[in-house]
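Novice: The whole structure should be built from the sequences, with the hints applied where relevant.
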Amino acid sequence: MSADMNLKIKVWRQKNNKASGSFETYPVVANEHMSFLEMLDVLNEGLINQKKEPIAFEHDCREGICGTCSMVINGQPHGPSSGTTTCQLHMRHFKDGDIIVVEPYRASAFPVLKDLAVDRSAFDRIIQAGGYISVNAGQAPDGNAIPIEKGRAGQSFEAAACIGCGACVAACPNGSAMLFTSAKIAHLGHLPQGEVESNKRPQAMVAQMDKEGFGMCSNIGACEAECPKEIKLENIAFMNRSYLKAVFSGEEV
Amino acid sequence: MKWIITFFSSSIGKKLLMSLTGLFLILFLVVHLIGNLQLLKDDGGEAFNTYAYMMTHNPLIKIVAYGNYFFIILHAFVGISIALYNKGAKGQKYAVSNSNKTTWASKNMALLGTLILAFILIHMGDFWFKMKFTDELGMKSYEGFPEVRDLYTRVSTAFSQLWIVVVYLIGMMVLSFHLWHGFQSAFQTLGLNHKKYTPLIKSVGKAYAILIPLGFAVIPIWYFLFKTM
Ligand code: HEM
Ligand code: SF4
Ligand code: FES
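These protein sequence lines map, in sequence, to chains P and F.
Using this note's numbering, you'd call the opening residue of the first sequence number 1 and step up by one each time.
Using this note's numbering, you'd call the opening residue of the second sequence number 1 and step up by one each time.
It cannot be assumed that every hint is accurate.
Claimed, not checked - These stretches of chain P come out as covered by chain F in the derived footprint (C-beta under 8 Å, 3 or more residues):
hint : segment
1    : 32-46
2    : 100-114
3    : 215-223
4    : 240-248
Hints are computed from structural coordinates only; laboratory data are not their basis.
Every residue gets a Cβ at the ideal spot worked out from N, C-alpha and C, and that includes glycine.
Specialist: Pasting the structure below:
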């Protein structure tokens, strides 16, 4: 049933953050049921057997929810199938004999650490700057004590699907993190629980985003096209109007 | 006052400037086109020359005109500085790029804009500068007006030359691409994106991006074909 696929993987090798990298091409035999990461595991096992340095790549959950499996496959973050992370990408999307080009995410705010692994801690600092809500300590509140309109809950849930993978930044020709930041702002901003920081949050998170050196959104839409969780550009509009409202409300950060 | 500086140096603040100045220029182009269409009247230039006189002498219009120059410069300056910053923020480019889901115009706004700026300079050098700062234009008199400069004859001489007509057509094509992306983008920047009205904004934007440059382009073509002896 599942025939072997003979592939060539042209992958970015870079020793460390300071070194300058280059592409290396390796042959690998995969089968169509493997995930892309499993194919890389096979390739790495071969490299280890030859006493060569395995390719460094990030992975954790391998079920499409943690967002660590960052790499650009044939020019697309997380590869060719839309709405899918690299770990959920199956080799059946490729053909026997293909040469597959694998590169790290490219953005100045995501420096390459080694091979395919990049430093995405800028996202953590954006979250720390304002991705939280205030709640009273003490007893756990009643489950449904705060009524939430269904439409708003839906918008919030959709934004909350963002796994912080950084594919939006990787896809953006401007290296902008506005899709990510806006998803986080919209996730909390649509809910009554997020009301307390509704002016502080957009100002603090956008300021941190700018400070990290991400680019400015030109509304190109590459992020939306590549996001594995299909986060929408409407979130960026939400962020823009929340930010403008917050700035002109006069509330200090 | 510190908040204003913070705001205009933030990413969203800069984009707000682009959006508002862009929308102002979009309105300006409509007014400019309506005026220019006077050139198609077969009245030996009376309608157009008196219109040009009014545009350069009415104090209210003069204020708006200076605002307009300022907004073009601001839009161009902020636009180019955003583009340069973004290039640095991207850093190294991909060896393989796959971008079939995005429009070419959206990724080349600064290139398109710079070409528009070059066009504006040629255009103003040819007509506006010659009218305001040189004596190259003859005078004409019409009822109810003092002597006015004969910009109409200047326009028809210019548009009898093929290369000028070609420059204008290229300029309008570039403008069309800039607006194809820019029109709807300006609303997204303002935070206006909703399934209720965004499809309408996008359709109006596409219609605008085709019809307005086309309207401008008709004039040089018309003059070249029908007014050149
Ligand atoms: C009459 C002429 C022009 C009109 C009507 C116009 C209109 C617009 C509009 C509506 C936008 C969208 C703003 C947004 O995304 O929020 C835009 C963006 C832009 N314009 Fe213009 N523009 C004109 C001339 C120029 C010139 C002369 C330049 C530069 C030299 C320029 C450079 C740019 C750039 C770089 C952007 C993209 C900004 C970004 O999204 O990052 N434009 N323009
Ligand atoms: S918005 Fe999408 S692409 Fe960007 S970090 Fe979140 S899940 Fe990843
Ligand atoms: S490894 Fe967790 S999303 Fe891919």
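Novice: What are the numbers of the hints that this structure violates, sorted from low to high?
Specialist: The structure conflicts with hint 1 only, although it agrees with all the remaining ones.
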